[in-house]
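Engineer: Working from the sequences, and respecting the hints, build out all of it.
Top line first, the protein sequences correspond to chains R and E.
Everything in the first sequence is counted per our numbering, starting at 33 for the first residue and increasing by one.
Everything in the second sequence is counted per our numbering, starting at 76 for the first residue and increasing by one.
Since the hints were derived computationally from the structure, they do not count as laboratory data.
Glycine included, every Cβ here is placed at the ideal spot set by N, Cα and C.
Do not rely on the hints blindly, as some may be mistaken.
[Said to hold, decoys possible] Quick list of the computed label-pair ranges, beta carbon to beta carbon:
1) 184/E / 85/R: 37 to 43 Å
2) 305/E / 376/R: 54 to 60 Å
3) 190/E / 184/R: 56 to 62 Å
4) 190/E / 138/R: 58 to 64 Å
[Claimed, not checked] From chain E, some residues computed to sit far from chain R (all C-beta separations above 10 Å):
5) 91
6) 97
7) 116
8) 134
9) 139
10) 140
11) 148
12) 150
13) 190
14) 213
15) 225
16) 233
17) 254
18) 255
19) 261
20) 313
Chain by chain, the residues run as shown.
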Amino acid sequence: MTAIRKAAMNAYESILWPSMRDESWRYTDTRAIAATDFKSADPSTVIKADSLSPFLLDSDMPLMVFADGVYQPDLSTATSMPGVQIHRLADVIASNPERLEGRLASHADYQDDPACGLSTAMITDGVVVEIEAEATMETPLHIVFFNQGTTHPISTHPRVLIVANDRSTGTVIESHVGTSEQVILSTPVTELIAGDNVNLDHYRMVREGAATWHLGDVALHQGARTEVSSCVLAFDGPLIRTRMRGTLAGEDGNAILHGLAMGHEDRHIENLLRVNHMVPHCRSRESFKHILEDKSTAAFTGRIYVAEGAQKTDAVQTNRNLLLSNTSKATARPQLEIYADDVKCTHGATIGELDQEAMFYLQARGIPADAARSMLVQAFAGEILDDVAPESLRNQAQLLLRNRLPAAEHLAAME
Amino acid sequence: MLQITNLHASIDDTPILRGIDLTINDGEVHSLMGPNGSGKSTLAKVMAGDEAYEVTEGSIVLNGQDLLELDPHERAAAGLFMAFQYPVEIPGVTMKYFMRTAMNSVRKNRGQEELDAYEYLSVVKERAATVKLDLELLDRPVNGGFSGGEKKRAEIFQMAMLEPSACVLDETDSGLDIDALRIVAEGVNTMRSPDRSFLVITHYQRLLSYIVPDVVHVLVDGKIARTGGKELALELEEHGYSLIEKGNAVDA
Ligand SMILES: Nc1ncnc2c1ncn2[C@@H]1O[C@H](COP(=O)(O)OP(=O)(O)O)[C@@H](O)[C@H]1O
Ligand SMILES: [Mg+2]
Numbered sequence: 033m034t035a036i037r038k039a040a041m042n043a044y045e046s047i048l049w050p051s052m053r054d055e056s057w058r059y060t061d062t063r064a065i066a067a068t069d070f071k072s073a074d075p076s077t078v079i080k081a082d083s084l085s086p087f088l089l090d091s092d093m094p095l096m097v098f099a100d101g102v103y104q105p106d107l108s109t110a111t112s113m114p115g116v117q118i119h120r121l122a123d124v125i126a127s128n129p130e131r132l133e134g135r136l137a138s139h140a141d142y143q144d145d146p147a148c149g150l151s152t153a154m155i156t157d158g159v160v161v162e163i164e165a166e167a168t169m170e171t172p173l174h175i176v177f178f179n180q181g182t183t184h185p186i187s188t189h190p191r192v193l194i195v196a197n198d199r200s201t202g203t204v205i206e207s208h209v210g211t212s213e214q215v216i217l218s219t220p221v222t223e224l225i226a227g228d229n230v231n232l233d234h235y236r237m238v239r240e241g242a243a244t245w246h247l248g249d250v251a252l253h254q255g256a257r258t259e260v261s262s263c264v265l266a267f268d269g270p271l272i273r274t275r276m277r278g279t280l281a282g283e284d285g286n287a288i289l290h291g292l293a294m295g296h297e298d299r300h301i302e303n304l305l306r307v308n309h310m311v312p313h314c315r316s317r318e319s320f321k322h323i324l325e326d327k328s329t330a331a332f333t334g335r336i337y338v339a340e341g342a343q344k345t346d347a348v349q350t351n352r353n354l355l356l357s358n359t360s361k362a363t364a365r366p367q368l369e370i371y372a373d374d375v376k377c378t379h380g381a382t383i384g385e386l387d388q389e390a391m392f393y394l395q396a397r398g399i400p401a402d403a404a405r406s407m408l409v410q411a412f413a414g415e416i417l418d419d420v421a422p423e424s425l426r427n428q429a430q431l432l433l434r435n436r437l438p439a440a441e442h443l444a445a446m447e
Numbered sequence: 076m077l078q079i080t081n082l083h084a085s086i087d088d089t090p091i092l093r094g095i096d097l098t099i100n101d102g103e104v105h106s107l108m109g110p111n112g113s114g115k116s117t118l119a120k121v122m123a124g125d126e127a128y129e130v131t132e133g134s135i136v137l138n139g140q141d142l143l144e145l146d147p148h149e150r151a152a153a154g155l156f157m158a159f160q161y162p163v164e165i166p167g168v169t170m171k172y173f174m175r176t177a178m179n180s181v182r183k184n185r186g187q188e189e190l191d192a193y194e195y196l197s198v199v200k201e202r203a204a205t206v207k208l209d210l211e212l213l214d215r216p217v218n219g220g221f222s223g224g225e226k227k228r229a230e231i232f233q234m235a236m237l238e239p240s241a242c243v244l245d246e247t248d249s250g251l252d253i254d255a256l257r258i259v260a261e262g263v264n265t266m267r268s269p270d271r272s273f274l275v276i277t278h279y280q281r282l283l284s285y286i287v288p289d290v291v292h293v294l295v296d297g298k299i300a301r302t303g304g305k306e307l308a309l310e311l312e313e314h315g316y317s318l319i320e321k322g323n324a325v326d327a
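Structural biologist: This is the structure we're talking about:
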């Protein structure tokens, strides 16, 4: 543990916050972050149940709650269940650090990224989930990282490690939320490690406060015949940057990586995606969608990497941007890096406005322009949201989307 | 009553409609025929309020209301319905959700009560039956992957749902086989009533043996070149449009 923290600190100190001249940080302005003097959160931080309630999902979903990275035992209901061990990371570090070896910080690359480097150097607490072989998680686990901050800027480094052993099934949902206007830097890192024949779904909902910079990582590593998905739903926060990295290390693996982000005001959204096809016969589907209003901006960089010998790779990557204002802006950089010859890899990126013919058709049927616009935006987002399996999470996302759109009352009455 | 007076419209500064006068009394069925490119669809879209076209002169009045003053959705509420020549596919919006939204918006705008779920469903079933529309299509995206016939039947279904007072059908017959054509025509005929008028746009006479018009107009080059009774359609079928294009005769 100490060695990892030290290595990460060295990495972080050697990079620090890069300038926009750095290729992978070209679209994210880190000057304000670099100029801020962050402190760690007070370990006695507590939050009230009331502040949490707008962010909760099903009442019977087991919960792990952290406030500014500090565990909240009174609000956390999750306990280990048959076949599923759920622990605080701090407890595992203290009592069984060997269980983290070769797992924690082994897939989220902290060497080349300051956010991940800082996060890894500062590892203190978070959640470790281990699903035993053959086991099925009966209900999704909901991990809430509530950020409230204090009078001086703080940084928080939420950490999640999910290990799904052979033939296991499970769903984990993270919510990164807050309503405060205090300055906060959050660098959540989640690693998902799936053995063979695993079915694992992961969701990350981002609804940060108005001055919370969110620089996150999701790293997936999957074995043979797995189906692993991760979906980042980014609704609120001045800066939401996610590095998602999937590695298909066993044959017949299937990775589904999705993202939906809605930007407004002068928010910036950045998604950096990389999928590594290391072995033959794997499939990956990557779909990232950005809806941009006002002066918001989004940048997408997606790379499909196919290693030598990874024949019959089947990868499809898309990034679609819907610009709802003249002042919003999107950039897409799809990249292929292929060292095998018998593969099917496609990528496509679109940046466009609402379809005017569809707008006219809806209006000609009596639907007012703002409602028509909202319907088309919902349809655009639907391609991602329809695949969100936990119903309460899907409903929450749909509601967030709808409330952001004009004529919300009008549409809500329709269903 | 639908009254179009001296209507001029252009796209990108190119005049397409060049002075159209057309009055359709309640209960009447008029047919608008004419060669490809003469401006038939342009007229239909201008009536519905497509912003791609600029109206440079003239007026369109429906039951005393100046349609050109209204937004497209307000025209629908005012009683206009235009069945598209090319119905638009809208991925991600189900036909069901679309129809319900349209229905509620139009009713609200007309000051009518919203139908409750049971009433709504029974109206859907009844109107779908008039054009033999498979109810399963309602779970699909709007026009998504519909066959040509399904698209046109869905247009007439929507028309039946929204209970307009003036219906403009833009080449609803194109791409239909004879059975589908008969179904669509029957659907339209059930909707004929003394307080509803129709403008049936078609390139061929074929549809008019099923929907028999009171008046036939021929549009050539953005102007009505000739107006007559239903026998005019037969005449055109026999001689083609070349006669009128050359002669430019108007007998009203
Ligand atoms: N969107 C458009 N852009 C440019 N020209 C158009 C457009 N729509 C129609 N036109 C032109 O207007 C004329 C009339 O077209 P249209 O109304 O579709 O005729 P019709 O329906 O009688 O076949 C044609 O010459 C056509 O090329
Ligand atoms: Mg036409």
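Engineer: Indicate, hint by hint, whether the structure satisfies it.
Structural biologist: We went through each hint and held it up to the structure:
1. Distance hint check: the CB atoms of residue 184/E and residue 85/R are about 38 Å apart, consistent with the given range 37 to 43 Å.
2. Range check, residue 305/E to residue 376/R: Cβ separation about 58 Å, and the 54 to 60 Å hint holds.
3. About 58 Å separates the C-beta atoms of residue 190/E and residue 184/R, a value consistent with the hinted range of 56 to 62 Å.
4. Separated by about 59 Å at the C-beta atoms, residue 190/E and residue 138/R satisfy the suggested range of 58 to 64 Å.
5. With a least CB separation of 17 Å from chain R, residue 91/E remains clear of the 10 Å interface cut-off, as annotated.
6. The claim that residue 97/E lies off the interface holds: its Cβ sits roughly 20 Å from the closest Cβ of chain R, which is beyond the 10 Å cut-off.
7. No beta-carbon of chain R is positioned within 10 Å of the beta-carbon of residue 116/E; the least distance is around 13 Å.
8. With a least CB separation of 19 Å from chain R, residue 134/E remains clear of the 10 Å interface cut-off, as annotated.
9. The claim that residue 139/E is not at the interface with chain R holds, since no C-beta of that chain comes within 10 Å of its own (minimum 19 Å).
10. Every CB of chain R is more than 10 Å from the CB of residue 140/E (nearest about 15 Å), matching its label as outside the interface.
11. Not every CB of chain R is more than 10 Å from the CB of residue 148/E (nearest about 5 Å), against its label as outside the interface.
12. Look at residue 150/E: its CB is around 8 Å from the nearest CB on chain R, not clear of 10 Å, so calling it non-interface is violated.
13. Against the 10 Å criterion, residue 190/E stays outside the reach of chain R, whose nearest CB is about 12 Å from its own CB.
14. At the 10 Å boundary, the C-beta of residue 213/E stays outside the reach of chain R, the nearest C-beta of that chain being 14 Å off.
15. At roughly 16 Å, the least C-beta separation between residue 225/E and chain R is larger than 10 Å, which holds for a residue marked as non-interface.
16. Consistency note on residue 233/E: stated as away from chain R, yet its beta-carbon is not over 10 Å from all of that chain's, at 6 Å minimum.
17. Under the 10 Å C-beta cut-off, the non-interface status given to residue 254/E relative to chain R holds; the minimum distance is some 27 Å.
18. Distance check for residue 255/E against chain R: the nearest CB is about 21 Å away, which clears 10 Å, and the non-interface claim stands.
19. Here residue 261/E stays apart from chain R, with its beta-carbon at least about 22 Å from theirs, past the 10 Å limit.
20. Listed as outside the interface, residue 313/E is consistent with that label: its C-beta sits roughly 35 Å from the nearest C-beta of chain R, beyond the 10 Å cut-off.
Figure legend: structure checked against the earlier numbered hints; hints not met, in rising order: 11, 12, 16.
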